[in-house]
Amino acid sequence: MIRALYTAASGMSAQQANLDTVANNLANSSTTGFRQRRLQFEDMIYQNLITPGSAQSQSTVSAGLQIGLGTRTAASEVIMTQGDFNLTSNPLDIAIQGAGFFQVQRPDGTIAYTRDGSFHMNNQGTLVTKDGDLLIPNLTIPSNATAVTISQYGVVTATLPGQTNPAQLGTMQLATFANPGGLSSIGSNLFLQTQSSGNAITDIPGGNTGMGTLQQNYLESSNVDVVNEFVEMILAQRAYESNSKVVHVADDMYSQINGMVR
Amino acid sequence: MDSGIYASYTGLLSRTQSLDTAANNLANAGTNGFRAERDYFRSVLTDDIAQQAPSQVGSAVNGFGILGGNHLDMGQGQIAATGNPLDFALNGSGFFAVKTPQGVRYTRDGAFTRSVDGVLQTGLGEPVLDTKLQPITIPSGAVTVSADGTVSVATPDGSNIVGQLGVFDFANSSALIAEGVNRFQAPLNTKPVTSTASVEQGALEGANNDAVHGTMQLILIQRQAEMMQKALSTFNNELDKTAAEDLPRI
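Chains B and H, in that order, give the protein sequences.
The opening residue of the first sequence carries number 1460 in the working numbering; numbering runs sequentially from there.
The opening residue of the second sequence carries number 62 in the working numbering; numbering runs sequentially from there.
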């Protein structure tokens, strides 16, 4: 019965963590390029009172007696489905259609990865994120450029005054991972590569490595499905409730047993 | 002392064990591919009356109800779409095979990922096995898995078949041993057979313990425990106490 109390407590804390994840997903439902996370649970070890298949007097027992000891959170996986595209008509807003991340250089020199393609220019005309992290490879747009065009395959061209042909400024590159679900979120819409995500594979957009293509003037919104998160929230609440019922019943039985001796 | 007090004691004890199982079933309501445990009770005879000419009275007073064991409920869990191409749900009886350091284990939790080398693996990093119990390597590209588990990958050169997810079943799957982390171990001398379950991509199967059954189980255990407790206190307070206190006065 003490087991039941702890088991129910494990269920309650797991559902609490589930609700925390749902809350974060919902809070970021309008964050550009946000990728939702999903919590995964696994069952804890089992106490084998009678091992299945163990020898009995004449035959083997067909099914043993195993008492499970609850649940625990196993992982919170990043879900890499596509988010919706919003037309912003800002020429420096770029959405990735398909797999891939933009590479940005953080102030400490490390490379981070993002799906948030709302870029700006710094005082040198170089493309940066809204936190001022440089886009890799660097792209500098001349101050006298009248229009900037970014093709589906990442070729950046600018129209300069007095020139009929647009000038090519460079090509954007994207990065993918063998296991994008294993990336580590560090906030500010950024991800870092980890041992489980593998090293970044860089290529031009639409390249042979299965890279996505670019859409200028668009931003990708978060991939959080609000309806689905609400369903998840209701499920978490009800599961929490039923675990608290178990605590109640275990406590009740306990007090009855204690009350047996008069 | 009468044996009735032991009979009600074992009854109460088995109900507390049964509560532990019910608690575990409810705690794992959110665990992918979790299979609920169902208890069964059996009676034991405390002496070998049964060996000799069994008498009704002897069997009744000496038959104690204990928790005989539990088996896995292999009913289907709810399948919920996730949209993640490496999430798989099994519709029907069957298991995915995974390679662990302890040997091949079986699971219905199909939340898989691709390793750094492209090997299909579980969340714990254990390779998922194909029909010949070999790991499956998936090159980068869009993955499509058909109902029979055939994995194909769209590459710039066209769609390539890279393997087939192994789905196995057992003649008596409820005797599988749950070992935690959503895995089951097959008892010794059981051979897996090919399963008829269909694989659904982009979905996960939840636990198969529904809330109604879970709550009903709780109420049942609570009331039965109450009954046993009443019986126990009747033996303790009414009969034995009376015997101890009043008999000497006669």
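Check before you lean on any hint, since a few could be wrong.
[To be verified] SDA-like cross-link-like pairs, simulated, lysine to any residue; straight-line CA separation at most 25 angstroms:
id	chain 1	residue 1	chain 2	residue 2
1	B	1704	H	287
2	H	302	B	1715
3	H	160	B	1653
[Claimed, not checked] Chain H stretches covered by chain B per the calculated footprint, using a threshold of three residues with CB under 8 angstroms from any CB of chain B:
id	stretch
4	71 to 78
5	188 to 194
6	283 to 290
[Stated by the list, open to error] A few chain B residues that face chain H, going by a derived Cβ cut-off under 10 angstroms, partial list only:
id	residue
7	1497
8	1510
9	1557
10	1613
11	1617
12	1654
13	1692
14	1694
If you are wondering where the hints come from, they were derived from the structure by calculation, not from laboratory data.
Predicted, not measured: the structure shown is a model, and the values here were computed from it.
Note that beta-carbon positions come from the ideal geometry of N, C-alpha and C, so glycine has one too.
Do the hints match the structure? See the list:
Taking the CA atoms of residue 1704/B and residue 287/H, the gap is about 16 angstroms. The hint holds against a cut of 25 angstroms. Among the hinted pairs, residue 302/H with residue 1715/B is consistent with the structure: their alpha-carbon atoms are about 19 angstroms apart, no more than 25 angstroms. Our distance criterion of 25 angstroms between C-alpha atoms is met by residue 160/H and residue 1653/B, whose separation comes to about 23 angstroms. Counting residues of the stretch 71 to 78 of chain H whose beta carbon lies closer than 8 angstroms to any beta carbon of chain B gives 4, which meets the minimum of three for the stated coverage.
With 0 residues carrying a beta carbon less than 8 angstroms from a beta carbon of chain B, the stretch 188 to 194 of chain H misses the three-residue requirement, and the given coverage is violated. With 4 residues having a Cβ less than 8 angstroms from any Cβ of chain B, the stretch 283 to 290 of chain H passes the three-residue criterion, so the hint holds. Taking 10 angstroms as the C-beta cut-off, the interface hint given for residue 1497/B holds, the closest approach to chain H being about 7 angstroms. Interface restraint check for residue 1510/B: the shortest CB-CB distance to chain H comes to about 7 angstroms, inside 10 angstroms, so the restraint holds.
The beta carbon of residue 1557/B is positioned within 10 angstroms of a beta carbon in chain H (closest approach about 9 angstroms), and the interface hint is therefore held. Here the hint on residue 1613/B is broken, as its CB sits about 17 angstroms from the closest CB of chain H, past 10 angstroms. Annotation: residue 1617/B was flagged as interfacial toward chain H, and the flag is violated, the nearest CB pair being 30 angstroms apart, outside 10 angstroms. Contact between residue 1654/B and chain H, as hinted, is supported at the beta carbon level, the nearest pair being about 8 angstroms apart and thus within 10 angstroms.
At a threshold of 10 angstroms, the smallest CB-CB gap from residue 1692/B to chain H is about 12 angstroms, leaving the interface hint violated. Among the interface hints, the one on residue 1694/B holds; its C-beta lies about 7 angstroms from the nearest C-beta in chain H, closer than the 10 angstroms criterion.
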